[in-house]
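> Chains as they are written, first to last, in this note's numbering: chain A, 4 to 340; chain B, 4 to 340; chain C, 4 to 340; chain D, 4 to 340.
The list cannot tell twin chains apart, which means a pair is met if one copy fits it or any two copies do.
As a list, the in silico DSSO-like pairs of lysine-lysine whose alpha-carbon atoms are at most 30 angstroms apart: (1) K9 x K80; (2) K218 x K205; (3) K148 x K179; (4) K80 x K35; (5) K218 x K70; (6) K179 x K159; (7) K148 x K159; (8) K218 x K80; (9) K35 x K70; (10) K35 x K9; (11) K70 x K9; (12) K218 x K9; (13) K73 x K205; (14) K205 x K179; (15) K205 x K148.
The hints are simulated quantities; they were obtained by calculation from the structure and are not laboratory data.
Protein chains: 4
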Amino acid sequence: MIIVMKPDYDEDDLLRIVRRLEDMSLRAHISKGEQRTIVGAIGDERILAEIPMESFPGVERVLPVLKPYKLVSRDFKPENTVVSVDGLDIGGPRVQVIAGPCAVESREVLEEIAESLLPAGVHFLRGGAFKPRTSPYAFQGWGEKALEFLAAVREKTGMKVVTELMDPRDIELLYKYADIIQIGTRNMQNFRLLTEVGNIDKPVILKRGLCATIKEFLMSAEYIMAQGNEKVILCERGIRTFETETRNTLDISAVPLLKLLTHLPVIVDPSHAVGRVDLVPAVSRAAVAAGADGLLVEVHVRPEEAMSDGPQSLRPQPFLSMIEECRRVAEAVGRSL
Amino acid sequence: MIIVMKPDYDEDDLLRIVRRLEDMSLRAHISKGEQRTIVGAIGDERILAEIPMESFPGVERVLPVLKPYKLVSRDFKPENTVVSVDGLDIGGPRVQVIAGPCAVESREVLEEIAESLLPAGVHFLRGGAFKPRTSPYAFQGWGEKALEFLAAVREKTGMKVVTELMDPRDIELLYKYADIIQIGTRNMQNFRLLTEVGNIDKPVILKRGLCATIKEFLMSAEYIMAQGNEKVILCERGIRTFETETRNTLDISAVPLLKLLTHLPVIVDPSHAVGRVDLVPAVSRAAVAAGADGLLVEVHVRPEEAMSDGPQSLRPQPFLSMIEECRRVAEAVGRSL
Amino acid sequence: MIIVMKPDYDEDDLLRIVRRLEDMSLRAHISKGEQRTIVGAIGDERILAEIPMESFPGVERVLPVLKPYKLVSRDFKPENTVVSVDGLDIGGPRVQVIAGPCAVESREVLEEIAESLLPAGVHFLRGGAFKPRTSPYAFQGWGEKALEFLAAVREKTGMKVVTELMDPRDIELLYKYADIIQIGTRNMQNFRLLTEVGNIDKPVILKRGLCATIKEFLMSAEYIMAQGNEKVILCERGIRTFETETRNTLDISAVPLLKLLTHLPVIVDPSHAVGRVDLVPAVSRAAVAAGADGLLVEVHVRPEEAMSDGPQSLRPQPFLSMIEECRRVAEAVGRSL
Amino acid sequence: MIIVMKPDYDEDDLLRIVRRLEDMSLRAHISKGEQRTIVGAIGDERILAEIPMESFPGVERVLPVLKPYKLVSRDFKPENTVVSVDGLDIGGPRVQVIAGPCAVESREVLEEIAESLLPAGVHFLRGGAFKPRTSPYAFQGWGEKALEFLAAVREKTGMKVVTELMDPRDIELLYKYADIIQIGTRNMQNFRLLTEVGNIDKPVILKRGLCATIKEFLMSAEYIMAQGNEKVILCERGIRTFETETRNTLDISAVPLLKLLTHLPVIVDPSHAVGRVDLVPAVSRAAVAAGADGLLVEVHVRPEEAMSDGPQSLRPQPFLSMIEECRRVAEAVGRSL
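Based on the provided sequences and hints, a complete structural model is requested.
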């Protein structure tokens, strides 16, 4: 950490800082330039981050030098983490596809959707049992009944189940039914939820918050890993910008950036990112080309009857074509799909 | 709701839409212009919002006409809601000040801070028992012990206690200790938490999410009111923009806009909005001038020792001066403080 | 255009609106619903846009139905526009690459860079003669001398010259030297500059403004086309968001969205979008996969000596590898490069 | 400037950096910590900014220590700059109001508007002769004829004329007619325009760009001052965010922040910031409370007939009431209006 002193600081200010650093077993390295005096605080940046250095008299600005996360960092673990679900790898050479409806509506419709996905080689079925909805008057999900439908379809098709946790009180229920637990975008900084999924041994998909920085996103993954669960899959799903033609703006550079900063697998949700079916195929191809380890796509047999997110749900036929295109792009970048 | 048809739609597309609307007991009003055909869907907009009209063949775009919220709307209740805590009104002619440390650190420090606030006429003490922190390695709050300290200081000073709920499992605990329960910015769309505070009879401060639109903010308030709790206080606390000199960007126009759209009281948190003490007084004055019903301010006797948010915590002396300035501004706009 | 009336409007308000519309030879279609009365204003949306309908008494909101642009719209011209420069097509099946330094520094360095690009099959050389720089103390470009260097390198290598216009007074000079004139991101709404390049017959690359919506971007292209110049190439180059790890955020969905809305070619500048060489190859592959018609890349033989934008300039070797990767992706999506 | 080395840098990397710094007569101060080695580059930060340090092998990150601007900085000139126009001070104890229509429409309407402003004590009349419009089909301003109308109204009322420069070729014309020249938000980084107004001796209002950071805003002011014109007035006019209920988001904290960083006067344009008349009075009061030196307000006698920006133009009566309210707030913060 670099502490930049104000031009008019006095020696007592400097002494107070040095003393505080030494109290915490940190070292201070002072450098007096022509225009500014600078203190290099040497030691564990996580301890340093806890001292409100900006509040000390004479301090102009504080510049962190090291990253605030550790376990998720590629510095800490250089090789890729591969999250395995019954032999299906996420983060390995094969790009995995997770697909299905936004919300589980009925056993019949879910089955119909699942079967439409099989020809594309999809092994993971998504479907919400508990739905975080902006409106209190909107459909909130069928809860445990939906989980039962998901389990029944898993039984029948062999597909793995991905579903979202919204409430720490539901963790045992979800643990029982899900193969992968999803933490939604609105809960990326729901730290109690992160702690709960950190304490289990199931893979977790952590979706990036709507306006979370990459650093905050990684800090949330660090929360989960700090509890002991190393099976974290990061999901870029679009951030909020001023643009209104798309639901959100897919931050495509997040894919290579995350692969650089962390060893964790990175997948992309093109459906929430753009919010309109006519753009989903193009951004899915882009995600694969940029190095994503997987796609999380909303598919519905009859979007006009969907109880949630119809406008961004692909019909099976365009979905199959899109997967074909993505497969060719995957091969072009040395992967399979 | 207005449904704009594509230029090349066919009559079956139109029929299908009309039939679907009629199935839901809504009326369709068709208007064929030179360049576009438009369907006016007439009826309850909340029912309409549930139909994924964009997914119907032939539809180009859907434009909502009515607001998606009802109970929070000034159309629904034209007169101001005043939330009363033991005779202290929030939303009345007097601008209320809620102040205190970010986190409760020790009983002694809390008492010292509370006493420093009394000369300013502050009746509400804030202090976090459970702290949502970006880093898993940061101080997470003292939990129930902190609540006990808050209660002890209330006993001694008569100040009302404002503290944050982070987990639905803590609702009974907080209900016991707090006079006002705060829902933090990261939990504005934690719908389970909103439902919990909707089911109690204590006042709730709902903080605007970091990148929540005004409409989403009001929908979250609607969640609480839809459960039966009408004592909702809205808090603008800065939104995330590209600017990095301040922690967030205070959306000052949110104050008059919310007062226009809703009957609920609106307060401002200048501390989180700007994140630096040197700007807090000016934006506090601005908030009062714009019509805010209250201020939520971080104050600490020794910010350089604060366990959280030191850089944005005012010391007592500058806080007192600021309150003096705000009082004069309040009077200039016909209120007291 | 849809005009939504306030719940408490009176009949005179409605009459005044109808009369104003009729005065402009537009038609009004009134629809009275349970909660709102709506006026459909039928006629040329561009005329409608000029009437400040929101200022009429009794009006709550105005919703545009049609797009405000015409000449650039795919509705107006369904087939792709291909911009040809001496037989080299931009917007055709081949993805074109434009590469070179940010600023032209010396004839020798420019030549060295140009020659390093030839093995990649690059036919277009970029290089700034006039540089828009944030700081008045930064290098502003060598002006006409730089244009002469570009012309000399064109002579020697056969590469086409792409360079930026900053000032309407330089149009004749640039016309003389450039094969394609670039309008930079800061000038996307410099309407006088748009008018100037609209009056010539050379191809124009129009870069999207840092925080321009897609609609505004297309309106700026409309400015150029409205003057008669149809050779407009749109360039997505990253928008400004809250993320600070990258210089900007590449809006990858802008590529398919623009291809949907307009017939004009769309290229991507990955260098300015991310601002760091370690991410340029991944986002370039993504751009090609998403359907971009070209790439605009900063390349320098010795970035550490570059007079501008060193940190985002690729060295020749990584650039060649990246082009190889992009070629494979282009083929995967049915194109060449 | 602080240069943070990668963990795996080698000694040659360090030597190369030290040598480059010494070549530019700068000093290097090396500090080896447990986890990172850091180089403090000591000397003129503006020279440092020109070296692309991130491009040197072994460099992880570069952190600037000093501000990149000088002439505009309060460090450079601690006392407030007061810009005087014929004895009317901007930046002094009195808050100045600049008001008028968006565009000059006719001499009669301009006169009518000007006369309606006089009872409010307004001494500055705004009105556009050249209008930057998003659409090529929108009214672009009457040009020199509008300037003549402005001059005629000045003659009659004694009001000073504020009008916008869009093209460097119009500088002589505007110099002849205007008392204050405005640089619009879209031209904040039109560096040729900044250079032109830097070379004259008239006051300049520089509007903040739609998504300009405070640092970029000040760098643009530095451009003007670097040419010799010290009469620069900064204008905050709203930035672009995700919020769509208002045209832009007024960054109220920019007012005290700019007053801290620079000695230049700071005014606020509430009309463009919010874009709707119902919010203009509240944010105007906020601006005055936050310390703004002036307001720039759109007023029109008949907004429903305005040729530009009708929806955000106040009618004279509400404008007078608003000025009365602002005057009381000004007095509450120790100023007059």
